[in-house]
Amino acid sequence: MAVKVDFEKAYDRKNGSFLKHIHDKVGFSEHMVSLIMSFCIHGDTMEWWATLPHPHYIIAGNNSGAVATFKKYLSSCFYMNDLRVLQYFLGVEVAHKQEGIFLIQRKYALDIISEAGLLSSKPVGFPMEQNQKLASSTSALLKDSERYRRLVGRLLYLSFLRPDLSFAVHILSQFLHQPRQDYWSAALRVVKYLKGCPGQGILLSSQSTLKLSGWCDSDWASCSITRRSLSGWIIFLDDSPVSWKTKKQVTVSQSSVEAEYRSMAVLTCELKWLRGLLWCFGVFYSGAVELFCDSQSVHLAQNSVFHERTKHIKIDCHFLRDVVLDGIIQQISLLMPLRNDNLIFYFASWTF
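First residue of the sequence shown: 1, per full-length UniProt numbering; consecutive thereafter.
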């Protein structure tokens, strides 16, 4: 269900006291894992949740009667517009099919293409050119830098449902302070890529077994300016991607193994967080979550002896080793023949 409420009357920006009072009175308890999915309610035989992005409110539950009762109570507290079954939310189109729930941003993508003036352009097969090094560009500075920042910002929002844009958007967002012509051309190439697949999105299958798995990779010393490495990871819920990121590491890694290991540590934190989130939904894991990574990183995480070249990453080693020993994570080498093992390489380096 989706509703729109008047938060000027319903929400105190300083402490949210009025809305929190409503949740407490109904029986909600604060979510301990995610502040975005802030509250959950426990009835006699059911559980249900709500998300709270201003000024819209999503109510979800497995009991339609309880949902209707809660909406009726909210409407008695302040003005509320009931939008019924969720179909469109913050630029995301939600389609309910027999196969599951489709999440797409087709309209938003077409708006980007139209604004860039590329509706009649020829689509390209990849969002970036192979081995392109934008950091070393000496092309002329853009006269209209705001246009570049706006386009990259819109692509960034689009990448929240498009894992294939993660790497390209990460690269483009590094040059917002002083955009050049080459950066603008690279951004337009991403738009041309969108032209070929504006309706691509995510299917949350109705037949899902809710099995988590994660892939990670890194590009060692990829930044030509700082020589910091790039981390990339993606997490699947069965065959549906649910979380992904491409990000430059905060410190310089002295070896490719260290860079891989730091990527694995970040992915492990995300997997633990998602396990906790699923636990709040009543999904309990009895086994370990599969984590696919470089074979050398697997060996390092399982090795109880610290060598001179790895002692500076001792804290991460302890953290990962404890997670593995506790049975939370099961590490698998990417050298094994896997169905999806090639996907992660598009998050850390654009070589194919």
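Hint data in this document are derived by calculation from the structure and do not stem from the laboratory. This one's a predicted model, so the numbers in the text were calculated from it and none came from an experiment. Where hints are given, some of them may not hold.
[To be verified] Below 27 Å or equal to it, Euclidean Cα-Cα: the simulated DSSO-like pairs (lysine-lysine) are:
no.: 1; residue 1: K107; residue 2: K97
no.: 2; residue 1: K245; residue 2: K211
no.: 3; residue 1: K192; residue 2: K247
no.: 4; residue 1: K72; residue 2: K107
no.: 5; residue 1: K211; residue 2: K133
no.: 6; residue 1: K192; residue 2: K143
no.: 7; residue 1: K195; residue 2: K247
[As the list claims (entries may be wrong)] Simulated restraints on C-beta separations:
no.: 8; residue 1: N131; residue 2: Y157; range: 42 to 50 Å
no.: 9; residue 1: L278; residue 2: T69; range: 38 to 46 Å
no.: 10; residue 1: R321; residue 2: Q254; range: 18 to 26 Å
no.: 11; residue 1: F160; residue 2: H96; range: 49 to 57 Å
no.: 12; residue 1: A68; residue 2: G327; range: 54 to 62 Å
Don't be surprised by glycine CBs; every beta carbon is placed ideally from N, CA and C.
Numbers of the earlier hints that this structure fails to satisfy, in rising order: 4, 5, 8, 9, 11, 12
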